[in-house]
Amino acid sequence: MSITEDPPVDETAPLVGQETLDALEARDVVLRLSETAAEHVEHDVDDERMIINMGPQHPSTHGVLRLVLELAGEQVIRTKPVIGYLHTGMEKTAEELTYLQGPTNVTRMDYSSPLFNELVFSLAVEELLGVEIPERATWIRMMMCELNRMSSHLLFLATNGMDLGAVGMMLYGWREREEVLRFFETVTGLRMNHNYIRPGGVAADLPDGWEDDVERLLQVLPERLEEFDVLMTGQPIWRDRTQGVGVLTTDEALALSTTGPILRSTGMPLDLRRDEPYLAYDQVDFDVIVGTYGDTYDRYAIRLNEIRESMRIVRQCMDRMPDGDYRVQDKKVTPPPRMRIDESMEALIHHFKIFTDGFRVPEGEVYVAVESPRGELGCYMVSDGGTSPYRMHIRGPSFYNLQTVPYVLHGGLLADGIATLASIDPIMGEVDR
Amino acid sequence: MSDTETPDAAEVDDAAEEPVVSAPYGAIAASSSRGQVVLHVGREGYLDTISTARADGFVLCVDITAVDYANHLDRALPASIEGERFEVVVNLYDPVERRRVRIRAQVPESDPTIASIYSLYPGVDAPEREVYDMFGITFEGHPDPTRILMPEDWDGHPLRKDVSQGRIPVQFKSATNHR
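Read top to bottom, the protein sequences are chains A and B. For what it's worth, this note's numbering labels the leading residue of the first sequence as 1, then goes sequentially. For what it's worth, this note's numbering labels the leading residue of the second sequence as 1001, then goes sequentially.
In case anyone wonders, no lab produced these hints; they're calculated from the structure. You can trust all of the hints, since none of them are fake.
Below 20 Å or equal to it, Euclidean Cα-Cα: the simulated SDA-like pairs (lysine to any residue) are:
| # | chain 1 | residue 1 | chain 2 | residue 2 |
| --- | --- | --- | --- | --- |
| 1 | A | Lys92 | B | Arg1085 |
| 2 | A | Lys92 | B | Trp1154 |
| 3 | A | Lys92 | B | Ala1070 |
| 4 | A | Lys92 | A | Gly364 |
| 5 | B | Lys1161 | A | Gly385 |
| 6 | B | Lys1161 | A | Glu96 |
| 7 | A | Lys92 | B | Val1163 |
| 8 | A | Lys92 | B | Arg1160 |
| 9 | A | Lys92 | B | Ala1126 |
| 10 | B | Lys1161 | A | Thr88 |
| 11 | A | Lys92 | B | Met1150 |
| 12 | A | Lys92 | B | Gln1165 |
| 13 | A | Lys92 | B | Gly1136 |
| 14 | A | Lys92 | B | Arg1129 |
| 15 | A | Lys353 | A | Gln101 |
| 16 | A | Lys92 | B | Lys1161 |
| 17 | A | Lys92 | B | His1157 |
| 18 | B | Lys1161 | A | Glu95 |
| 19 | A | Lys92 | B | Asp1162 |
A partial selection of chain A residues facing chain B, derived with a Cβ cut-off under 7 Å:
| # | residue |
| --- | --- |
| 20 | Arg32 |
| 21 | Val382 |
| 22 | Arg395 |
The beta-carbon is built from N, C-alpha and C at its ideal position, and this holds for glycine as well.
The whole structure should be built from the sequences, with the hints applied where relevant.
Set out below in structure tokens:
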């Protein structure tokens, strides 16, 4: 399949009019069948239609997603994504953990971009506390998040390649991601689930010689990305498999509450880093990558190019990293420095109180959103004045993006469904929480 | 008090008592939380307020969730709003004007139902199911009001405050000794 002309664009029409909603409704693509019923469907031998289960253990579902598919021959008619296999009640757990322990919990949601989860949690706590974090902490957060966006997109390129048969790509993507994770390990002590970004700043300052490590990354990656271009972007088989497959329009994507690369692939330039700058994104220079057709190929190309944009931001962070403190020196929030504990009884008590009791956060409720590699990652936090959140809700972009699956799979071949599902890039830890 | 001072003093008093922003979209009251616009509605005005807001450009329903205020039934709310046990919280975004608004709807414990906004935002399919699953709030008009994260035959709604952590035996599917 190939696309020869641009889709018509009506500039005057309002976004997501009633026609879009009616059209979505009329498509009738979501299979409404209970899980138990799906296991006991009797198939008529003469009928081409059948219901099959894909997953929960299937390599292309990137975790434990189960799809109940209604097929007519090889064509997908209706789909029901069945989720919840990774549900561990993290929002309930968050109500028991103090604000300082919170990041250890949320970091396990989207396990391929853990720093973003920590960031959105910390921003929500800081918004409720009303503390302003030092400039250096802001820039460290921004640089680490952009590196995390790169590692997350590299993971996507690896698995997306594997799903489409480019098995070499899996090894290359994993290799590059490992380089980034190695840097994370030197900074945070862990490859994943860092608990590095905490309310009040970050856990530790950047180690000596961090510039050399980042510099090496920024030197190596551009040529590796060029290799990916050769391996996939311009390759005819790759293009045939992805172009024109799983198309979504802007209005459909907005109606389905989609954000991130999937929405941007339809031509809608919505990026919270630019639209609602948090951290110091208003002070760095970068482009928002948008697509045109909203197909699987655009979603792939956007992520590939977002790695390049992230590298631009990381470069600026490196050049302009301000001096100063890496966490706020507010005695209420920050434990005293390690060396003070040996010489001061008050510091020891203070340290003990913060880690056993936690700090109190003023009453209130707040919704904070950041742009994660998958879209808008939000945190709705309600505090009743105690030491742990009264309610903490994470708006996981994968959870919302997954709703597009029945729409983009409809009418396509089952084999294309794999390509499309991979391009949605759902992380099941975040879907199920 | 002289005549010239009185109007000024009255104005200051009024400003202190008035909500921070006037309530648009037919909401009962509006307030501001950490600089974010919050609209308060009851169950009846919920659907109208959201559809009016949608017509005004808030075409992206970013998030829908709920809070169980069982421990804080007397929490601070605008005077015209009576606090109920549950609150359904909807976050809307206007991608053109880049505005956000949050709508908090009160849902009573005795009859935990509220209108579904599925007809306006098809993207709330999964999250409304999640709220039902976690809090037991039923969305009238939702095409598939079933559980989504917990097993289909699960008993109870885990994010309610009267469900405590670690006290509930795990219910496995097709186990014989269901509670």
